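J.: With the hints as extra help, turn the sequences into a complete structure.
Chains as they are written, first to last, in my numbering: chain A, 1 to 239; chain B, 1 to 131.
No lab work stands behind these hints: they were computed from the structure. This structure is a prediction, so every number in the text was calculated from the model and none was measured. Note that the Cβ used here is the ideal one computed from N, Cα and C, for glycine as well.
Ranges of calculated distance between the beta carbons of each label pair, as one might list FRET restraints: (1) A:S222 - B:A122: 48 to 54 Å; (2) B:G25 - A:Q220: 48 to 54 Å; (3) A:S123 - B:H69: 47 to 53 Å.
Okay, the calculated bits of chain A under chain B, using three or more residues with CB under 8 Å as the criterion: (4) 28–34; (5) 39–53.
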Amino acid sequence: MTIKPESPEPVSLAKPVRLLRQANHDLRNPLNALLATANMLSEGIYEPLTAGQLRAVQRMERSAHRMVWLLDDLITYVKAEAGELELASGEYDPRRLLDTIKTECQATAEAKDITLSVGTAESVPPTFSGDESAIRHIIIALTWNAISFTPYGTVQIGSEWCGGWLVTVKDAGPGIPPTELPRLFEPFWRGKGGGSPVPTSGSGLGLATARAVAKLMRGQLSLAENGPRGCIFTLHLPI
Amino acid sequence: MGKVLIVDDDVEICETFSDILTHAGYDVRIVKSGTEAFRELRRVIPDVVLLDMQMPGVSGVLTLSFIRHLSRLTHTKIIIISGHPELAASAKAVWGADLSLTKPVLPKQLLEAVSLVYDNQARVARASQPG
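T.: Structure, rendered in structure tokens:
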């Protein structure tokens, strides 16, 4: 007996998106309690911790942060795929935004002995209009990617005005093998870090989501430099 | 320090936020539903209400609307807390909440938000007192 292949049916994303929205809400409550409680413990609000206890609690805090970030990534990617991602409008301070991102990623960088630096050229105006949350999402994805692939050294976030806002994120990793470049922005693809024993983490959605969001903003996200001393990703946004 | 009413059906969230605010010196009360909030608000006038938008039964939007229609709660400030950024933003814009936060809310963010609306509330309340 032969089974004829069924003709492909159009796939509706409405149900998965709805389910994911609900899961997003349901997961955020326990994650919030976990993250905030770990934060209070590490700040010594209940009582002072020993050095070992502090390290353990900070590890919990970082892991909870990562779970929130993965959840954000997943919901943003699915919404972008379903054409449901809407951009908000408002004013924001680009310098403050980069400082906030640095604060958010600092603990993860420090845990790997990586220095995280942020520099903004004077040419960048004090305020921009656009969706601050979406831009934050892209830059955080690039920063986490850079931290993930840097074994030690410095991750640099730079920004300048270049007919739009140009943000660069430079890592000190081993570079990306040419054979892996075509798949770089594919969802769920995880690089091997140039074949070196660099531990990689994440869902493999970070760069794919970042590019989808950048495209929605009519921006351009690309790999500008790739070599054995690291990569430079650039985000160019028409403001 | 001010009185804060937490309205959230998630026990862990209530206890976590309560710990943060109590430690900072606020007088905190917890209720687990919109219905309980209605009951509590007949007895007390909180300075700040932390309101979850997605609760079973009486929703956050209905609770928000109820608070906004009671003249005795004119000075009560409302901070919306939601897992959905869009929902939090629309509750602020459409229903007149004073601030909105998206979960996860860290201790520092919560304290800054409550302190911001509480300071404004205290200033307005002082200005409206006769003499």
